[in-house]
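Student: Kindly generate the complete structure, drawing on both the sequences and the hints.
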Amino acid sequence: MAATAHRPDRLVPPPDGVPALRGRVTRDAPLGGSTWFRVGGAADVLVRPADAEDLVALLRDLPATTPLTVLGAASNLIIRDGGIAGVTLRLARGFGDVTVEAGGIVAGAAALDVTVAETAAAHALGGLEFLVGIPGTIGGAVAMNAGAYGAEVKDVLDWAEVATGTGIIRMSAADLHFAYRRAVLPPRSVVIRARLRATPGDAAAIAARLNDIRTAREATQPVRARTGGSTFKNPPGDRKAWQLIDAAGCRGLTLGAAQVSEKHCNFLINTGGATAAQIEALGEDVRARVRAATGVDLEWEIRRIGRPA
Numbered sequence: 001m002a003a004t005a006h007r008p009d010r011l012v013p014p015p016d017g018v019p020a021l022r023g024r025v026t027r028d029a030p031l032g033g034s035t036w037f038r039v040g041g042a043a044d045v046l047v048r049p050a051d052a053e054d055l056v057a058l059l060r061d062l063p064a065t066t067p068l069t070v071l072g073a074a075s076n077l078i079i080r081d082g083g084i085a086g087v088t089l090r091l092a093r094g095f096g097d098v099t100v101e102a103g104g105i106v107a108g109a110a111a112l113d114v115t116v117a118e119t120a121a122a123h124a125l126g127g128l129e130f131l132v133g134i135p136g137t138i139g140g141a142v143a144m145n146a147g148a149y150g151a152e153v154k155d156v157l158d159w160a161e162v163a164t165g166t167g168i169i170r171m172s173a174a175d176l177h178f179a180y181r182r183a184v185l186p187p188r189s190v191v192i193r194a195r196l197r198a199t200p201g202d203a204a205a206i207a208a209r210l211n212d213i214r215t216a217r218e219a220t221q222p223v224r225a226r227t228g229g230s231t232f233k234n235p236p237g238d239r240k241a242w243q244l245i246d247a248a249g250c251r252g253l254t255l256g257a258a259q260v261s262e263k264h265c266n267f268l269i270n271t272g273g274a275t276a277a278q279i280e281a282l283g284e285d286v287r288a289r290v291r292a293a294t295g296v297d298l299e300w301e302i303r304r305i306g307r308p309a
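Residue numbers (UniProt numbering): 1 to 309.
Don't read these hints as lab results, they were simulated from the structure.
Cβ atoms here follow ideal geometry from the backbone N, Cα and C, with glycine treated the same way.
There is no bait here: all hints are sound.
Computed beta-carbon distance windows for the label pairs:
id	residue 1	residue 2	range
1	30	272	13 to 21 Å
2	168	299	28 to 36 Å
3	239	168	37 to 45 Å
4	292	202	49 to 57 Å
DSBU-like mimics (lysine-lysine), calculated; alpha carbons at most 30 Å apart, straight line:
id	residue 1	residue 2
5	263	240
6	154	240
7	263	233
8	233	154
Tutor: Printed below as a string of structure tokens:
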């Protein structure tokens with residue numbers, strides 16, 4: 001009894017419709033504390049597969065009618081206050097390995113972008129410095145073609161391995177049909193690993209570039225606040241979302257404990273005690289004000305998932 005008391009979720013059968021797995025399956029798993037906004041409800045069922053084989057089994061045997069949500073670092077995400085229906089999937093442990101190869105890095109989907117950038121720099125490999133400016137995981141970076149400081153994942157991706165219900169497939173950048181903040185993945189599939197190209201270079205110059213990006217982020221973004229990163233995508237053309245938000249008079253705008261950042265107005269922040277509903281409603285208010293002032297309909301970059309309270 002003492003040997004299993006620390007894992008009560010494994011003492012009962014899996015919830016209806018969830019296949020038996022070797023990984024961890026937890027009912028009513030709190031999620032808010034693990035998001036960067038620190039808001040949101042619980043997952044009906046949270047699954048952490050033991051390995052890739054376990055993940056494929058889940059994707060194969062999970063009923064098509066059961067909702068499936070994949071979480072990474074939960075950095076660009078609002079989980080609504082009512083939580084997430086169905087199965088929520090989160091990769092960990094064995095999915096976070098980072099390996100250095102000639103001319104590149106192979107990283108598991110759960111590896112943090114910053115870890116990959118730092119690993120490359122430590123081995124005098126350049127071209128991946130931009131990842132230090134992206135607060136997320138490699139899996140999420142591939143799935144949304146994340147980018148910062150003049151580069152995007154599409155520029156450096158050799159291939160991504162993707163788990164599906166029929167097995168693991170390897171997809172090239174062309175297969176993923178990358179666009180701005182978008183990739184096309186097979187239905188109900190999960191990125192598990194990716195190879196990113198890098199170029200041997202001067203270690204000191206690469207380290208300096210990393211530090212420049214870190215310094216720029218600290219100076220211009222509320223990186224120490226409870227935030228979700230860039231809230232809205234930049235519209236087509238040369239216009240920037242933050243400029244439109246500023247022009248519409250939204251800098252510092254508040255709703256309850258949710259606020260448009262004074263430092264960078266394309267960031268929403270939780271100043272303490274905000275609900276997911278307040279943060280999302282503030283974002284919609286910003287969109288409405290920008291539309292009225294400029295005619296531009298801003299598109300959310302932050303994912304908003306789950307049920308209202």
